[in-house]
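Residues per chain, in single letters:
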Amino acid sequence: MKHVITLSLWWAGAWHVIDQATIMSDTVSATRGYAPDGNPRPASITCRIHDDAWRFDPDNEASDLFGLIGPRTPAVLVVDGTADAAGEVSAWSPGQSIDYRPAAAGTGQRGWRWVDLVVSGVTRRIGSWPLRLEAPMRRANLGTASWAYYPCEDEPGASVIADLVPGNKPASPVTTGLKLAAHAGPLGSDLLPEAAKVIPDGLKWGAPLVIPQPPPTVWQVSVAINGVGADYSSSSRWWRIYTSTGYMVTLYANNASGGYQVGITEPEGVTEYLWGQPFGTDNPMTTSVLFVARFTVGATTMGRFRWATQGAAGWATPADYPWPAGWNIGYPVRWEGHVLPGGGAGHYRFVAGSTPDLVDDTLRLAFDAYGGEPAGVRFTRLLNQAGFTDVGFQCDPALTQLMGPQLADSLPELLKECAVTDDAVSTELRGQVAPFYRTRTYLYENEYLSPWVLQYPRDISPPFDKITDDIEFSNVVRVKQRGGSEAFAQQTTGPYGTAEVGEEQADVEVNVSQPATDLPTLARYWLNRRMVPGARYPQVTIDCERNPELATRAAQTEVGALLQIVGFRPTPVLLRVIGVTAVTGTHRRKVTFATQPFPMGRIGRYDGAAYRYDVRGCTLAAAVTAAATTWQLDTAPLESWTTKPASFPYVIACEGEWLRVTGMTAPSGATNRQVATVVRSVNGVTKAHGVGAAVSLAEPTYYAR
Amino acid sequence: MPAGGDIIYASDGTLPAAVQVADGTNLTGINVAGPITGSPVVGVVFTAPPSGRVRAAVTGTLAATAGTGQINGLLAVQVRTGAVIGAGTLVHDGFAADPGARVVFIGPINGGVCGSAAMMVSGLTPGAQYNAQTVHGVLGTSAAMTVYNRAVTVDPLP
Numbered sequence: 001m002k003h004v005i006t007l008s009l010w011w012a013g014a015w016h017v018i019d020q021a022t023i024m025s026d027t028v029s030a031t032r033g034y035a036p037d038g039n040p041r042p043a044s045i046t047c048r049i050h051d052d053a054w055r056f057d058p059d060n061e062a063s064d065l066f067g068l069i070g071p072r073t074p075a076v077l078v079v080d081g082t083a084d085a086a087g088e089v090s091a092w093s094p095g096q097s098i099d100y101r102p103a104a105a106g107t108g109q110r111g112w113r114w115v116d117l118v119v120s121g122v123t124r125r126i127g128s129w130p131l132r133l134e135a136p137m138r139r140a141n142l143g144t145a146s147w148a149y150y151p152c153e154d155e156p157g158a159s160v161i162a163d164l165v166p167g168n169k170p171a172s173p174v175t176t177g178l179k180l181a182a183h184a185g186p187l188g189s190d191l192l193p194e195a196a197k198v199i200p201d202g203l204k205w206g207a208p209l210v211i212p213q214p215p216p217t218v219w220q221v222s223v224a225i226n227g228v229g230a231d232y233s234s235s236s237r238w239w240r241i242y243t244s245t246g247y248m249v250t251l252y253a254n255n256a257s258g259g260y261q262v263g264i265t266e267p268e269g270v271t272e273y274l275w276g277q278p279f280g281t282d283n284p285m286t287t288s289v290l291f292v293a294r295f296t297v298g299a300t301t302m303g304r305f306r307w308a309t310q311g312a313a314g315w316a317t318p319a320d321y322p323w324p325a326g327w328n329i330g331y332p333v334r335w336e337g338h339v340l341p342g343g344g345a346g347h348y349r350f351v352a353g354s355t356p357d358l359v360d361d362t363l364r365l366a367f368d369a370y371g372g373e374p375a376g377v378r379f380t381r382l383l384n385q386a387g388f389t390d391v392g393f394q395c396d397p398a399l400t401q402l403m404g405p406q407l408a409d410s411l412p413e414l415l416k417e418c419a420v421t422d423d424a425v426s427t428e429l430r431g432q433v434a435p436f437y438r439t440r441t442y443l444y445e446n447e448y449l450s451p452w453v454l455q456y457p458r459d460i461s462p463p464f465d466k467i468t469d470d471i472e473f474s475n476v477v478r479v480k481q482r483g484g485s486e487a488f489a490q491q492t493t494g495p496y497g498t499a500e501v502g503e504e505q506a507d508v509e510v511n512v513s514q515p516a517t518d519l520p521t522l523a524r525y526w527l528n529r530r531m532v533p534g535a536r537y538p539q540v541t542i543d544c545e546r547n548p549e550l551a552t553r554a555a556q557t558e559v560g561a562l563l564q565i566v567g568f569r570p571t572p573v574l575l576r577v578i579g580v581t582a583v584t585g586t587h588r589r590k591v592t593f594a595t596q597p598f599p600m601g602r603i604g605r606y607d608g609a610a611y612r613y614d615v616r617g618c619t620l621a622a623a624v625t626a627a628a629t630t631w632q633l634d635t636a637p638l639e640s641w642t643t644k645p646a647s648f649p650y651v652i653a654c655e656g657e658w659l660r661v662t663g664m665t666a667p668s669g670a671t672n673r674q675v676a677t678v679v680r681s682v683n684g685v686t687k688a689h690g691v692g693a694a695v696s697l698a699e700p701t702y703y704a705r
Numbered sequence: 001m002p003a004g005g006d007i008i009y010a011s012d013g014t015l016p017a018a019v020q021v022a023d024g025t026n027l028t029g030i031n032v033a034g035p036i037t038g039s040p041v042v043g044v045v046f047t048a049p050p051s052g053r054v055r056a057a058v059t060g061t062l063a064a065t066a067g068t069g070q071i072n073g074l075l076a077v078q079v080r081t082g083a084v085i086g087a088g089t090l091v092h093d094g095f096a097a098d099p100g101a102r103v104v105f106i107g108p109i110n111g112g113v114c115g116s117a118a119m120m121v122s123g124l125t126p127g128a129q130y131n132a133q134t135v136h137g138v139l140g141t142s143a144a145m146t147v148y149n150r151a152v153t154v155d156p157l158p
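Sequences listed follow chains A and B, in order. With my numbering as the guide, the letters of the first sequence map in order to residues 1 to 705. With my numbering as the guide, the letters of the second sequence map in order to residues 1 to 158.
Any given hint could turn out to be false.
Claimed, not checked - With the Cβ distance kept under 7 Å, some of the chain A side facing chain B (calculated, not the full set): (1) 524; (2) 528; (3) 614; (4) 616; (5) 636; (6) 637; (7) 639; (8) 701; (9) 704.
Calculated directly from the structure, the hints in this document are not laboratory data. Note that beta-carbon positions come from the ideal geometry of N, C-alpha and C, so glycine has one too.
Kindly produce the complete structure, drawing on both the sequences and the hints.
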């Protein structure tokens with residue numbers, strides 16, 4: 001079978017095909033997915049281009065491609081019309097044969113030249129990014145236009161507090177004792193300033209504002225405070241704004257009945273009018289709060305005031321306040337930030353106009369660090385924010401594990417956290433330079449319900465090795481919440497339990513939204529994932545020349561797919577594909593899947609004809625010979641094998657022998673004894689069994705997570 | 001709750017049948033503090049459901065039928081480990097525990113009460129067998145009590 005191989009490179013705004021005639025190497029190879037040891041790795045393509053002119057040498061000034069190609073040039077390898085892998089060229093390496101001599105007058109060319117290409121998936125580039133991402137609040141505030149914005153996340157050594165709007169002036173600390181980067185702040189923030197001592201007004205600093213022209217007729221402000229443990233004994237003031245008409249606007253968060261308030265002081269500075277609401281359950285002493293207020297300049301001034309507490313489902317009860325006719329609030333010209341001792345405040349923002357409306361969920365969700373966000377949604381959002389607008393996704397991103405707050409970390413670590421928390425497959429698209437996320441629910445619904453059945457040895461080429469070892473095995477699993485609590489699961493009994501083989505420990509770090517309820521379940525899930533008895537089969541190879549009928553499916557098989565190998569051992573082997581390597585020449589092609597045992601991929605489906613309930617604690621009540629067809633079975637309380645004629649036959653297993661059940665009596669007596677009529681040795685194993693031998697369903701089904 | 005990757009068993013999510021035993025025998029002249037079971041013993045054996053939770057209920061009629069003064073009579077349910085009624089370790093003692101599953105009558109001669117009381121008993125080992133029985137007694141009185149129409153019911157809970 002002849003294979004059509006093309007390598008496409010992107011330059012000058014278009015794809016350019018390097019056809020088969022130009023590809024010089026005997027074979028081209030492409031990999032994607034995880035490495036055989038289960039660790040993530042970027043996709044890759046390696047091939048050699050026949051290039052006598054070294055046109056594809058980015059360092060060759062004589063080439064017409066000079067300046068057009070280089071590191072990060074996108075590339076896609078397509079074999080027989082299906083993409084094997086995609087990525088960015090990470091290395092161009094020109095070379096020539098030792099006898100190379102260009103054509104000259106009277107002599108033809110001797111030898112040849114080439115350029116070796118190494119293409120790496122985009123996750124190679126992302127994976128090397130060490131920089132910590134901006135805190136969610138900072139990113140959300142910078143995502144839309146601001147008049148002025150002071151995150152107050154400045155480093156401890158900073159002499160001023162920066163305004164991140166270009167052209168604006170920084171705010172300077174005006175009182176000594178202000179410690180920068182000292183307070184944890186709200187979840188969506190980096191470290192904020194903290195007051196080091198008790199003074200009557202709290203610590204304050206401020207800045208004059210650069211007034212836009214024309215001055216705004218509507219203006220909005222927002223600020224985030226963490227008042228947990230703050231000293232409210234002398235003040236409850238967090239922010240004060242001075243306006244162009246001499247008014248003074250102050251935001252208060254009281255620990256007493258005053259609640260959350262806006263105070264407006266008239267120009268003469270005598271009377272302060274207060275608008276606000278009691279805090280109810282939103283006690284500023286126990287939670288962080290995001291304040292937003294909007295004011296309209298003019299005679300019919302009306303103020304709007306909202307707050308949202310950390311973790312709340314929405315904004316607190318709206319409060320719109322008309323105030324005395326004739327007031328003209330003006331626009332802000334100067335502000336002061338106040339920090340009560342023990343509290344932290346930051347993300348002071350001014351918006352000129354009513355757009356963007358700060359009372360939308362963009363800012364509030366960032367304030368909560370996106371707690372409760374599905375893993376798939378977070379994965380996509382993080383990549384989109386990093387500039388990757390194309391993210392391959394299979395299944396609904398919303399149907400993924402709900403995550404806890406997004407903590408400060410680098411992009412690759414946060415992406416990994418999403419994938420591990422959801423136990424999804426995070427790899428790369430094969431035909432596009434983009435990350436690819438296959439959710440666990442997608443795999444349940446599409447891969448695990450219909451594994452690819454391969455018959456050994458007909459369909460599988462060597463090497464197909466079986467290794468019984470302790471790789472990827474643990475009988476004690478700790479699932480740890482990022483920066484928080486943890487839960488353990490342990491298998492004590494059985495041939496692989498701690499009582500028999502000692503402890504093999506493993507750690508899984510996740511970030512879930514409900515650790516109290518999720519962690520114990522996740523610990524058991526990961527224990528099941530890592531307590532896989534029996535052998536490993538590190539790889540499965542399909543030789544597309546020997547089995548051309550398998551070529552199409554081999555090309556389409558993605559990371560996360562399930563393979564069922566039959567005929568190799570008495571019972572089928574369920575393997576999960578974790579990586580794919582395709583090596584292709586003009587007349588040969590092998591696709592090798594890196595695999596791991598995955599019996600729990602046989603997930604149950606209610607009322608599915610192929611799925612049955614197992615019976616817990618069933619044992620042989622009397623010894624049987626290798627030929628006996630009547631078996632007495634004792635079952636645990638509440639358990640019994642079905643006796644419904646329509647359910648026959650079904651296959652049970654005892655010590656490696658499979659038996660087809662053709663009849664079963666109803667349970668009776670104290671041990672729920674049932675008598676089974678069986679056909680022996682349906683998998684080729686024949687042996688006698690003693691009293692007490694365990695009997696179970698031959699192919700049990702498993703709970704999806 | 002099963003976790004992902006657990007094998008699906010037939011009994012998962014299914015509750016064992018509720019059990020109940022009743023007896024109409026009049027037990028008269030009871031004047032001991034107890035707890036005593038009387039004869040016949042009214043008890044049941046049950047299997048703890050996957051949740052490890054059951055509701056144990058006692059029903060009966062108590063009456064002060066002889067003697068003088070005021071009577072303080074109790075009819076309660078006790079839950080123990082194991083499949084032998086009256087044996088095993090107490091896991092719920094409605095007679096002594098507060099709160100407990102017991103019917104109480106405090107009243108004069110010729111008075112009485114017909115009632116039922118129940119408590120949730122949790123922390124049982126799923127699949128293990130337990131037993132529950134009624135017990136009764138009279139506290140600090142010169143009167144005697146009659147107990148009849150005793151019943152004990154155990155409902156597995158999700």
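Comparing the hints with the structure gives:
1. 524: Holds. Min distance 4 Å.
2. 528: The hint holds - residue 528 (chain A) has a Cβ within 7 Å of chain B, the shortest such distance being about 3 Å.
3. 614: Since chain B brings a Cβ to about 5 Å from residue 614 (chain A), closer than 7 Å, the hint holds.
4. 616: Hint holds; residue 616 (chain A) Cβ to chain B Cβ min 5 Å, cut 7 Å.
5. 636: The hint holds - residue 636 (chain A) has a Cβ within 7 Å of chain B, the shortest such distance being about 6 Å.
6. 637: holds, 4 Å
7. 639: Constraint on residue 639 (chain A) satisfied, holds at 5 Å.
8. 701: holds, 5 Å
9. 704: The hint holds - residue 704 (chain A) has a Cβ within 7 Å of chain B, the shortest such distance being about 6 Å.
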